[in-house]
Amino acid sequence: MTVKPTLDDVKLVLSYTGKVVIGVAILLVIPMLTAVAAGEWDCLVYFALSLGISLSTGFLLAALGATDRKAGWMHGMVTGGLSWIVVMAVAALPYWFSGHYLSYLDAMFDVMSGFTTTGLVLIQDLDHVATSLNMWRHLLTFVGGQGVIVLALTFLVKDSGGGYKLYVGEGKDERLFPSVFHTAKAIWKISLAYLAVGTLALWIAGIAIGLPIGDAFLHGLWVYMAAWSTGGFSPMTQNILYYHSALYEGITVVFFILGSFNFALHNAVWSGNRKEIARNIETASFATTMSILTLVTCWGLMKLRVYPDLAALVRKGFYQLASAHTTTGFMTVYPRQLANEWGDLAVLAMIVAMLIGGSACSTAGGFKGLRVGIIWKALVQETRKLLKPGSAVFAQRFHYHGEKNLSESQVRSAALIVIMYVAIFFFATLAGCAAGYPFLESAFESASVTGNVGFSIGVTQAAMPAFLKIVYIFNMWAGRLEFMAVLATFAFIAAFFRRKPA
Amino acid sequence: MNNSNAARRCASRALLWAVLAFGILAAAGAEEVGAGPGRVGAKALIADPRSYDGREILFEGEAIGDPMRRGDHGWVNVLDADAALGVYAPLSDLDAMGVFGSSRAKGDLVLVRGIFHRACPDHGGDMDIHATSVTVVQQGHATPHPVDTLKLVLVPFSMTLAAGLYVVWRRREAANRKGSWLS
Amino acid sequence: MSPARIARRRQNRLAASGALIEIAYVVGLSCACCLVCAIAWFALG
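Chains as they are written, first to last, in my numbering: chain A, 1 to 502; chain B, 1 to 183; chain C, 1 to 45.
None of these hints come from the bench; they were simulated from the model.
There's no promise every hint is true.
[Claimed, not checked] If we take Cβ atoms under 7 Å as the criterion, some of the chain C residues that face chain A in the derived model are:
1) L14
2) A24
3) V26
4) G28
5) V36
6) C37
[Unchecked claim] List of simulated lysine-lysine pairs, DSBU-like, C-alpha gap at most 35 Å:
7) A/K185 to B/K178
8) A/K303 to B/K151
9) A/K70 to A/K388
10) B/K151 to B/K106
11) A/K11 to B/K151
12) A/K185 to A/K11
13) A/K385 to A/K404
14) A/K404 to A/K275
15) B/K106 to A/K4
16) B/K178 to A/K11
17) A/K189 to A/K404
18) A/K185 to A/K70
19) A/K189 to A/K275
20) A/K70 to A/K189
21) A/K70 to B/K178
22) A/K275 to A/K377
23) A/K275 to A/K385
24) A/K185 to A/K303
[Said to hold, decoys possible] To list a few chain C residues with every Cβ distance to chain A over 10 Å, as calculated:
25) S2
26) P3
27) A4
28) R5
29) I6
30) A7
31) R8
32) R9
33) I23
Even glycine gets a Cβ: it sits at the ideal position worked out from N, Cα and C.
Turn these sequences into a full structure, and let the hints steer you where they fit.
Right, dumping it as structure tokens:
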């Protein structure tokens with residue numbers, strides 16, 4: 001950025017950030033209503049206090065930033081980056097007030113983990129958490145998956161130009177419809193329809209496996225929200241192992257894989273374009289890498305005779321791998337079992353799966369299948385050029401909502417983002433080693449954090465050093481926003497404070 | 001006479017050894033007879049499951065969540081200081097538990113005697129304990145959560161502040177719009 | 001029935017069948033992976 005941002009630029013960013021904070025603050029009404037329904041008066045009080053403070057913060061930022069100027073790309077990007085940090089600070093208030101966190105940093109870690117649909121937790125005594133607080137936790141991950149920005153768009157931004165720029169700053173760059181409002185509406189329609197279906201399915205399953213009706217509903221709702229958003233939160237410390245049920249696990253698999261698909265794909269298939277689901281480069285890439293990595297994981301597990309029968313191999317091996325590849329983070333094993341029993345080969349397969357991640361413009365994290373597919377096609381193209389050097393330049397094609405030509409800029413953009421992911425992955429691995437954790441465990445946790453997965457091998461604990469928590473928060477944030485917004489934010493701040501040469 | 005003294009000394013030494021030997025054997029035997037499974041925590045079980053796999057153990061913790069009845073057996077998840085483990089027990093054992101841990105209550109403290117499985121073949125590879133007996137050591141109780149009066153008092157203040165800032169925001173937005181009309 | 005309502009109904013039917021197709025795809029993919037597990041089990045067991 002060569003031009004120094006003016007006060008008006010800062011104001012625009014503050015204004016939009018304020019509006020996003022207001023949108024998130026309004027969400028607090030949902031856990032408040034839950035607290036009333038559950039008779040959790042102490043929770044109602046601290047949620048109300050959080051609401052007051054959050055709204056004040058949002059209104060203050062919006063007031064400071066009040067300006068009649070129109071937003072440009074940079075404002076959208078920087079708001080995308082900055083608003084997540086402010087929201088993280090503000091949405092942590094109920095967590096902190098609940099007494100379930102050892103520090104405010106821990107509370108913010110869990111907020112960032114929820115919003116980025118990562119799923120790592122530092123919460124204490126999860127099995128005794130209030131219903132309304134669990135509602136807030138799972139709501140955060142559901143809304144985070146939808147995109148905090150999309151949420152704010154739905155409510156607050158009046159000029160759709162500024163709205164689109166905010167939306168893209170957030171890492172979702174699909175323009176499903178010309179108007180950003182239509183795009184947001186379409187995303188919400190799909191999500192709410194699946195929310196109804198998925199919650200119902202898990203509710204019934206919950207009753208079938210022995211949960212009382214009320215708890216079956218709540219668990220169903222929360223686990224669905226965590227599955228669709230590929231977040232991986234759960235109301236119990238044992239995560240999905242709590243249910244001891246193949247039926248429950250099976251339903252979660254369906255919804256977390258669906259949640260990892262591109263919203264544009266959902267929209268296409270729901271509008272009648274059925275073939276897209278098989279032809280699309282992302283689903284093809286995902287199906288390929290899932291099959292290969294499942295094989296490698298099974299190989300690693302079989303070598304060490306970890307599981308006694310095929311059913312266990314599927315329910316533990318395949319489940320964990322699918323959960324990792326979609327960057328969900330649901331677990332049916334204890335974190336330390338991955339470290340102690342699974343062996344290096346299976347753990348390595350998990351790391352690769354977590355880094356590749358899900359589809360673009362979805363709730364999933366990681367490099368994204370689209371980029372892996374594009375880079376693969378580019379390699380194929382290079383190989384063909386080498387083998388037939390004399391022939392004219394021919395186009396490499398791939399299917400992505402129609403046949404597309406592979407362009408140099410697409411390959412470059414895909415490769416650069418993958419390189420950035422790898423860079424922050426190594427950075428967090430290094431931080432883990434510096435904190436004293438063994439290499440493979442640091443790498444695993446780093447992949448989990450960078451890909452917004454949520455699997456833990458045992459590194460993420462409240463006792464973890466603060467600097468490592470901060471590194472992980474940074475990776476979750478940067479990974480989720482796919483760097484553009486993060487780079488824009490840093491560039492903006494640096495440019496603002498840079499002195500002009502004398 | 002010397003011979004009889006020597007013989008007596010020999011006999012008493014032999015007797016001493018015999019008593020000693022008997023004592024040692026008896027003590028050893030007593031340990032085996034009275035020994036039962038050791039008490040293990042979740043941390044130890046998860047850290048080194050192979051050494052406990054298939055063995056009878058004693059596990060103590062709080063019954064949490066909901067008991068899940070399935071046919072003639074059911075599950076209850078039991079939480080100790082480090083982690084919660086799934087306990088698969090006959091319905092009669094589940095019915096004996098009255099209070100389960102949640103936000104409203106501390107669950108019954110239960111002592112589970114059962115076979116530990118690292119990766120249970122009956123239950124899709126789950127780490128679990130098949131209970132042979134479950135004893136409620138201490139009954140659970142309700143946990144009150146009183147309203148924090150300080151926070152309660154701060155609520156109207158924060159809401160008033162928010163309302164005030166809302167007005168400020170709206171005014172500034174209106175002023176800006178007015179400004180652009182005129183210019 | 002108004003044409004708008006007919007159009008909306010058609011849209012909803014299309015959406016519902018789309019959802020079913022997606023679910024079927026995912027179930028199919030999961031079964032394929034289970035098959036991979038089975039192959040691994042029998043080949044390496």
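Consistency of the hints with the structure:
no., hint, in the structure
1, L14, "5 Å, holds"
2, A24, "9 Å, violated"
3, V26, "5 Å, holds"
4, G28, "9 Å, violated"
5, V36, "5 Å, holds"
6, C37, "5 Å, holds"
7, A/K185 to B/K178, "32 Å, holds"
8, A/K303 to B/K151, "57 Å, violated"
9, A/K70 to A/K388, "52 Å, violated"
10, B/K151 to B/K106, "25 Å, holds"
11, A/K11 to B/K151, "32 Å, holds"
12, A/K185 to A/K11, "28 Å, holds"
13, A/K385 to A/K404, "19 Å, holds"
14, A/K404 to A/K275, "16 Å, holds"
15, B/K106 to A/K4, "58 Å, violated"
16, B/K178 to A/K11, "18 Å, holds"
17, A/K189 to A/K404, "28 Å, holds"
18, A/K185 to A/K70, "23 Å, holds"
19, A/K189 to A/K275, "21 Å, holds"
20, A/K70 to A/K189, "29 Å, holds"
21, A/K70 to B/K178, "16 Å, holds"
22, A/K275 to A/K377, "21 Å, holds"
23, A/K275 to A/K385, "31 Å, holds"
24, A/K185 to A/K303, "49 Å, violated"
25, S2, "21 Å, holds"
26, P3, "18 Å, holds"
27, A4, "17 Å, holds"
28, R5, "17 Å, holds"
29, I6, "16 Å, holds"
30, A7, "13 Å, holds"
31, R8, "12 Å, holds"
32, R9, "14 Å, holds"
33, I23, "6 Å, violated"
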